[in-house]
Amino acid sequence: SHKSSKREWKPLEDHSCTDVPWLLLFILFCVGMGFICGFSIATGAAARLLSGYDSYGNICGQKNVKVEGIINSGLDLTHKKYVFFLDPCNIDLVHQKIKSLALCVSACPRKELKTLADIQKFAETNGSTLCSYELQPSEYTTDPRTAKLCPKYPVPESAPIPFFHRCAPVNISCYAKFAEALITFVSDSSVLHRLIIMTSKEIIMGLCLLSLVLSMILMVIIRYISRVLVWILTVLVILGSLGGTGVLWWLYAKQRISASAVETQIAKDNLQALLIYAISATVFTVILFLIMLIMRKRVALTIALFHVAGKVFIHLPLLVFQPFWTFFVLILFWTYWITVLLFLGTTGSPVPNEEGFVEFRMVGPLKYMWWYHVVGLIWISEFILACQQMTVAGAVVTYYFTREKRNLPFTPILASVNRLVCYHLGTVAKGSFIITLVKIPRMILMYIHTQLKGKENACARCMLKACICCLWCLEKCLTYLNQNAYTATAINSTNFCTSAKDAFVILVENALRVAAINTVGDFMLFLGKVLIVCSTGLAGIMLLNYQRDYTIWVLPLIIVCLFAFLVAHCFLSIYEMVVDVLFLCFAIDTKYNDGSPGREFYMDKVLMEFVENSRKSMKEAGRGGGAEGRELKPMVGADEE
Numbered sequence: 001s002h003k004s005s006k007r008e009w010k011p012l013e014d015h016s017c018t019d020v021p022w023l024l025l026f027i028l029f030c031v032g033m034g035f036i037c038g039f040s041i042a043t044g045a046a047a048r049l050l051s052g053y054d055s056y057g058n059i060c061g062q063k064n065v066k067v068e069g070i071i072n073s074g075l076d077l078t079h080k081k082y083v084f085f086l087d088p089c090n091i092d093l094v095h096q097k098i099k100s101l102a103l104c105v106s107a108c109p110r111k112e113l114k115t116l117a118d119i120q121k122f123a124e125t126n127g128s129t130l131c132s133y134e135l136q137p138s139e140y141t142t143d144p145r146t147a148k149l150c151p152k153y154p155v156p157e158s159a160p161i162p163f164f165h166r167c168a169p170v171n172i173s174c175y176a177k178f179a180e181a182l183i184t185f186v187s188d189s190s191v192l193h194r195l196i197i198m199t200s201k202e203i204i205m206g207l208c209l210l211s212l213v214l215s216m217i218l219m220v221i222i223r224y225i226s227r228v229l230v231w232i233l234t235v236l237v238i239l240g241s242l243g244g245t246g247v248l249w250w251l252y253a254k255q256r257i258s259a260s261a262v263e264t265q266i267a268k269d270n271l272q273a274l275l276i277y278a279i280s281a282t283v284f285t286v287i288l289f290l291i292m293l294i295m296r297k298r299v300a301l302t303i304a305l306f307h308v309a310g311k312v313f314i315h316l317p318l319l320v321f322q323p324f325w326t327f328f329v330l331i332l333f334w335t336y337w338i339t340v341l342l343f344l345g346t347t348g349s350p351v352p353n354e355e356g357f358v359e360f361r362m363v364g365p366l367k368y369m370w371w372y373h374v375v376g377l378i379w380i381s382e383f384i385l386a387c388q389q390m391t392v393a394g395a396v397v398t399y400y401f402t403r404e405k406r407n408l409p410f411t412p413i414l415a416s417v418n419r420l421v422c423y424h425l426g427t428v429a430k431g432s433f434i435i436t437l438v439k440i441p442r443m444i445l446m447y448i449h450t451q452l453k454g455k456e457n458a459c460a461r462c463m464l465k466a467c468i469c470c471l472w473c474l475e476k477c478l479t480y481l482n483q484n485a486y487t488a489t490a491i492n493s494t495n496f497c498t499s500a501k502d503a504f505v506i507l508v509e510n511a512l513r514v515a516a517i518n519t520v521g522d523f524m525l526f527l528g529k530v531l532i533v534c535s536t537g538l539a540g541i542m543l544l545n546y547q548r549d550y551t552i553w554v555l556p557l558i559i560v561c562l563f564a565f566l567v568a569h570c571f572l573s574i575y576e577m578v579v580d581v582l583f584l585c586f587a588i589d590t591k592y593n594d595g596s597p598g599r600e601f602y603m604d605k606v607l608m609e610f611v612e613n614s615r616k617s618m619k620e621a622g623r624g625g626g627a628e629g630r631e632l633k634p635m636v637g638a639d640e641e
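Under the UniProt record's numbering, the first residue of the sequence shown is numbered 1, with each subsequent residue one higher.
I should point out that these hints are in silico values taken from the structure, not numbers from a laboratory. Only a predicted model underlies this, so the values are computations on that prediction, with no experimental measurement involved. Watch out, some of these pointers could steer you wrong.
Stated by the list, open to error - Derived lysine-lysine pairs resembling BS3-like cross-links, with alpha carbons at most 30 Å apart: (1) Lys616 - Lys591; (2) Lys529 - Lys439; (3) Lys311 - Lys10; (4) Lys591 - Lys476; (5) Lys616 - Lys605; (6) Lys152 - Lys111; (7) Lys63 - Lys10; (8) Lys367 - Lys311; (9) Lys453 - Lys297; (10) Lys453 - Lys465; (11) Lys501 - Lys591; (12) Lys455 - Lys63; (13) Lys619 - Lys591; (14) Lys529 - Lys201; (15) Lys591 - Lys405; (16) Lys605 - Lys619; (17) Lys453 - Lys439; (18) Lys63 - Lys81; (19) Lys591 - Lys605; (20) Lys439 - Lys455; (21) Lys81 - Lys297; (22) Lys405 - Lys66; (23) Lys114 - Lys311; (24) Lys152 - Lys114; (25) Lys439 - Lys297; (26) Lys367 - Lys297; (27) Lys439 - Lys10; (28) Lys501 - Lys529; (29) Lys501 - Lys476; (30) Lys311 - Lys529; (31) Lys591 - Lys10; (32) Lys297 - Lys616; (33) Lys616 - Lys10.
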């Protein structure tokens with residue numbers, strides 16, 4: 001019956017191109033992104049962004065063309081290279097721009113100017129006129145129009161932003177509204193904090209390096225301590241749930257005794273609430289114990305997989321550097337994306353607004369370039385992340401399905417990248433597009449939610465929250481399924497839909513094991529992250545201990561702990577990927593091979609031991625262990641459809 005299944009899993013036998021139409025679509029999309037960039041540069045947006053422009057539509061530092069119906073436009077501003085805002089702190093948060101008249105000036109005021117006389121003196125000595133073009137410096141103190149056309153005084157001390165030719169106030173506390181939380185944290189002693197970060201810069205760098213090293217060490221030793229971790233986890237969960245329930249019942253008993261003395265309605269309500277809490281906690285604990293009893297056999301598989309994953313990292317050390325490459329490429333892409341976004345903000349034709357100043361607005365269908373650009377951000381970011389998943393999957397699959405580990409390619413990672421680029425880019429584009437389709441509605445809903453804050457009724461808010469939550473869950477499930485689909489593609493060279501279906505069938509057949517691996521495994525990795533953050537934090541406290549001023553510690557420690565968590569997350573997410581890929585390979589291996597001659601297992605010794613033990617326990621249990629038996633039979637003729 002071995003041949004009866006519709007389509008065999010043939011690990012790594014033939015490579016064929018998958019999902020070519022999607023690759024073409026993705027390339028077309030990227031060409032569109034490039035067109036947006038080219039268009040915004042061609043329409044002069046780049047010059048406007050870099051050199052800056054005033055409220056009358058003139059670009060600073062060059063000769064300008066007259067705009068119809070606008071006074072002061074078309075001036076020659078060759079010597080006035082800097083943009084100066086008359087009221088730099090008046091920020092419009094809704095439209096994300098500074099609501100103030102902007103002028104081109106030849107120099108920024110390097111010291112505070114308190115009165116109009118100071119502004120006049122500055123104009124006469126430095127030749128930099130800070131009031132609007134139609135006023136001469138001599139008229140500053142006499143002309144009645146100065147209230148509108150001159151800066152709000154005192155004019156704060158300001159300096160030009162490098163590369164962007166705009167005068168910005170040196171003391172940023174005036175942007176308080178813009179970043180209230182940050183400023184309250186920093187402004188009271190911003191100079192002090194700056195000094196602290198400078199003095200403890202070496203310590204911060206050292207601790208960040210420490211977190212990197214710790215993460216790498218953890219990757220190697222997690223295979224040896226996975227069994228211990230599982231037991232620690234089990235004990236913690238049992239103690240936590242028992243302790244919580246015990247405390248609640250104790251509180252209830254205590255309240256009951258004291259309440260018998262005082263017969264008030266409030267006391268009765270409190271008592272009833274406590275009783276409900278205690279009962280629900282008891283039920284929760286019982287369910288948890290039952291789950292742990294059911295799962296205890298499957299935990300063994302998780303431990304075995306972690307062990308093999310540790311070996312994978314020893315055979316493929318380059319896997320550890322995977323997050324660095326991904327991060328680097330993402331940073332490059334995001335930099336490009338933000339630059340083009342800024343260009344888009346200054347693209348368009350000059351239009352007079354209601355105050356008589358010039359604004360640059362896109363007209364016609366070009367208005368929707370924004371949306372295209374945003375979709376591009378999500379799709380291409382997801383594409384880069386999916387490429388990482390595919391690379392890892394390809395390398396681990398090669399490792400798993402090579403019987404003689406000596407015959408592995410020189411660097412399975414590079415072989416995997418090569419395979420990805422030659423055959424499977426389309427599949428990755430399709431997978432990332434599906435995630436994008438779920439992400440965009442969620443982002444739109446979140447945007448609506450933030451815009452409606454305080455305006456909508458409770459029911460609408462609840463509905464929005466529920467929708468956002470459902471979409472988030474869907475996105476998580478799809479990400480997991482995609483990951484397995486990429487593994488199936490790496491094994492069989494089938495297109496995305498076939499791979500997803502095959503992987504889904506295998507996952508459903510092993511549903512309980514999937515649950516065990518995802519709950520226990522994720523929690524072990526979470527413990528790993530906590531371990532790294534705590535160790536780094538502890539080292540930080542010991543190192544910073546010689547700086548006796550305790551208020552100073554907070555900032556460097558927060559920076560270090562955040563960095564440590566990020567690093568640990570990057571590394572351990574790779575570990576999680578490897579475990580997931582290994583599990584799918586293992587499930588396929590047990591389904592199609594039974595260890596008989598001609599159909600030997602591909603798996604590692606550790607996993608073989610696990611299979612042997614399960615078979616022994618199955619024989620001992622007779623046919624009693626129905627579910628376990630069904631799951632471990634090497635379901636050979638099982639039909640995939």
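We went through each hint and held it up to the structure:
{"no.": "1", "hint": "Lys616 - Lys591", "verdict": "holds, 18 Å"}
{"no.": "2", "hint": "Lys529 - Lys439", "verdict": "holds, 27 Å"}
{"no.": "3", "hint": "Lys311 - Lys10", "verdict": "holds, 24 Å"}
{"no.": "4", "hint": "Lys591 - Lys476", "verdict": "holds, 27 Å"}
{"no.": "5", "hint": "Lys616 - Lys605", "verdict": "holds, 16 Å"}
{"no.": "6", "hint": "Lys152 - Lys111", "verdict": "holds, 15 Å"}
{"no.": "7", "hint": "Lys63 - Lys10", "verdict": "violated, 69 Å"}
{"no.": "8", "hint": "Lys367 - Lys311", "verdict": "violated, 53 Å"}
{"no.": "9", "hint": "Lys453 - Lys297", "verdict": "violated, 49 Å"}
{"no.": "10", "hint": "Lys453 - Lys465", "verdict": "holds, 12 Å"}
{"no.": "11", "hint": "Lys501 - Lys591", "verdict": "holds, 16 Å"}
{"no.": "12", "hint": "Lys455 - Lys63", "verdict": "violated, 48 Å"}
{"no.": "13", "hint": "Lys619 - Lys591", "verdict": "holds, 19 Å"}
{"no.": "14", "hint": "Lys529 - Lys201", "verdict": "holds, 24 Å"}
{"no.": "15", "hint": "Lys591 - Lys405", "verdict": "holds, 22 Å"}
{"no.": "16", "hint": "Lys605 - Lys619", "verdict": "holds, 21 Å"}
{"no.": "17", "hint": "Lys453 - Lys439", "verdict": "holds, 21 Å"}
{"no.": "18", "hint": "Lys63 - Lys81", "verdict": "holds, 11 Å"}
{"no.": "19", "hint": "Lys591 - Lys605", "verdict": "holds, 17 Å"}
{"no.": "20", "hint": "Lys439 - Lys455", "verdict": "holds, 25 Å"}
{"no.": "21", "hint": "Lys81 - Lys297", "verdict": "violated, 73 Å"}
{"no.": "22", "hint": "Lys405 - Lys66", "verdict": "violated, 74 Å"}
{"no.": "23", "hint": "Lys114 - Lys311", "verdict": "violated, 70 Å"}
{"no.": "24", "hint": "Lys152 - Lys114", "verdict": "holds, 9 Å"}
{"no.": "25", "hint": "Lys439 - Lys297", "verdict": "violated, 37 Å"}
{"no.": "26", "hint": "Lys367 - Lys297", "verdict": "violated, 59 Å"}
{"no.": "27", "hint": "Lys439 - Lys10", "verdict": "violated, 34 Å"}
{"no.": "28", "hint": "Lys501 - Lys529", "verdict": "violated, 33 Å"}
{"no.": "29", "hint": "Lys501 - Lys476", "verdict": "holds, 17 Å"}
{"no.": "30", "hint": "Lys311 - Lys529", "verdict": "holds, 20 Å"}
{"no.": "31", "hint": "Lys591 - Lys10", "verdict": "holds, 13 Å"}
{"no.": "32", "hint": "Lys297 - Lys616", "verdict": "holds, 13 Å"}
{"no.": "33", "hint": "Lys616 - Lys10", "verdict": "holds, 29 Å"}
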